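Take the position in the sequence shown, starting the count at 1, then add 5; the result is the number in the working numbering.
Where hints are given, some of them may not hold.
[Said to hold, decoys possible] DSS-like cross-link-like pairs, simulated, lysine-lysine; straight-line CA separation at most 25 Å:
1) Lys-40 / Lys-12
2) Lys-111 / Lys-79
3) Lys-21 / Lys-72
4) Lys-50 / Lys-35
5) Lys-50 / Lys-12
6) Lys-72 / Lys-56
7) Lys-59 / Lys-11
8) Lys-124 / Lys-108
9) Lys-108 / Lys-21
10) Lys-56 / Lys-108
11) Lys-12 / Lys-25
12) Lys-79 / Lys-42
13) Lys-21 / Lys-59
14) Lys-50 / Lys-25
15) Lys-50 / Lys-40
16) Lys-25 / Lys-42
17) Lys-56 / Lys-21
18) Lys-121 / Lys-111
19) Lys-12 / Lys-42
20) Lys-12 / Lys-111
21) Lys-21 / Lys-8
22) Lys-111 / Lys-40
Source of the hints: derived by calculation from the structure; they are not laboratory data.
A quick note: this is a predicted structure, and the numbers were derived from the prediction, not measured.
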Amino acid sequence: MFKVSKKVEYGLIAIKHITKAGMINPISAKVISQKYKIPYDLLSKILQQLKREKILASVQGINGGYKLSRDPDKINLASVFNAIEGSNFILDCGTHKNPNTCKIYKTCIISGPMQKVQKSITNYFHTTSLAEIV
6 MFKVSKKVEY GLIAIKHITK AGMINPISAK VISQKYKIPY DLLSKILQQL
56 KREKILASVQ GINGGYKLSR DPDKINLASV FNAIEGSNFI LDCGTHKNPN
106 TCKIYKTCII SGPMQKVQKS ITNYFHTTSL AEIV
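All chains should be built: construct the whole structure from the sequences, respecting the hints.
This is the structure we're talking about:
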């Protein structure tokens with residue numbers, strides 16, 4: 006079965022916590038790490054990836070931390086998955102820019118059906134906002 010990675014899971018937990026705090030109050034990685042027992046170093050990297058992709062914004066200073074960069078209904082799941090994992094393909098054949106780079110491309114009998122599944126998943130990720138899941 007398609008499985009969400011721990012990194013994405015931790016990212017979504019952090020986003021949900023940050024969203025509950027509101028757009029004004031930044032939340033530190035340390036607070037999230039301690040509350041949900043998420044390894045701090047890993048969470049910090051995930052939050053930085055989300056910041057780099059402009060899903061989160063950071064606030065410096067003693068009361069600093071992270072907050073959403075925009076309303077959760079303006080951020081889709083695809084952008085979160087892509088920020089953390091780099092892609093949301095379920096098969097390697099979805100990641101090839103050139104099908105000829107796949108060793109079994111010419112003889113593969115599941116590529117077509119699985120690409121339909123991939124299209125459905127991709128569509129869901131692009132049309133589902135964070136507001137719907139947090």
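Hint by hint, here is what the structure shows:
1. Lys-40 / Lys-12: Given that 25 Å is the threshold and the Cα spacing comes to 17 Å, the pair holds.
2. Lys-111 / Lys-79: violated, 40 Å
3. Lys-21 / Lys-72: holds, 11 Å
4. Lys-50 / Lys-35: holds, 12 Å
5. Lys-50 / Lys-12: Roughly 10 Å between the alpha carbons, so the hint for Lys-50 and Lys-12 holds.
6. Lys-72 / Lys-56: holds, 9 Å
7. Lys-59 / Lys-11: holds, 21 Å
8. Lys-124 / Lys-108: Given that 25 Å is the threshold and the Cα spacing comes to 22 Å, the pair holds.
9. Lys-108 / Lys-21: Distance ~41 Å between Lys-108 and Lys-21 Cα, so the pair is violated.
10. Lys-56 / Lys-108: Given that 25 Å is the threshold and the Cα spacing comes to 36 Å, the pair is violated.
11. Lys-12 / Lys-25: Given pair Lys-12, Lys-25 holds - Cα atoms ~20 Å apart, limit 25 Å.
12. Lys-79 / Lys-42: violated, 28 Å
13. Lys-21 / Lys-59: holds, 16 Å
14. Lys-50 / Lys-25: Holds: Lys-50 and Lys-25 sit about 21 Å apart, inside 25 Å.
15. Lys-50 / Lys-40: holds, 17 Å
16. Lys-25 / Lys-42: holds, 18 Å
17. Lys-56 / Lys-21: Satisfied, since the Cα-Cα distance of roughly 15 Å is no more than 25 Å.
18. Lys-121 / Lys-111: Between Lys-121 and Lys-111 the Cα gap is close to 18 Å, so the pair holds against 25 Å.
19. Lys-12 / Lys-42: holds, 13 Å
20. Lys-12 / Lys-111: violated, 34 Å
21. Lys-21 / Lys-8: holds, 19 Å
22. Lys-111 / Lys-40: violated, 50 Å
The structure does not agree with the numbered hints 2, 9, 10, 12, 20 and 22 stated previously, though it agrees with the rest.
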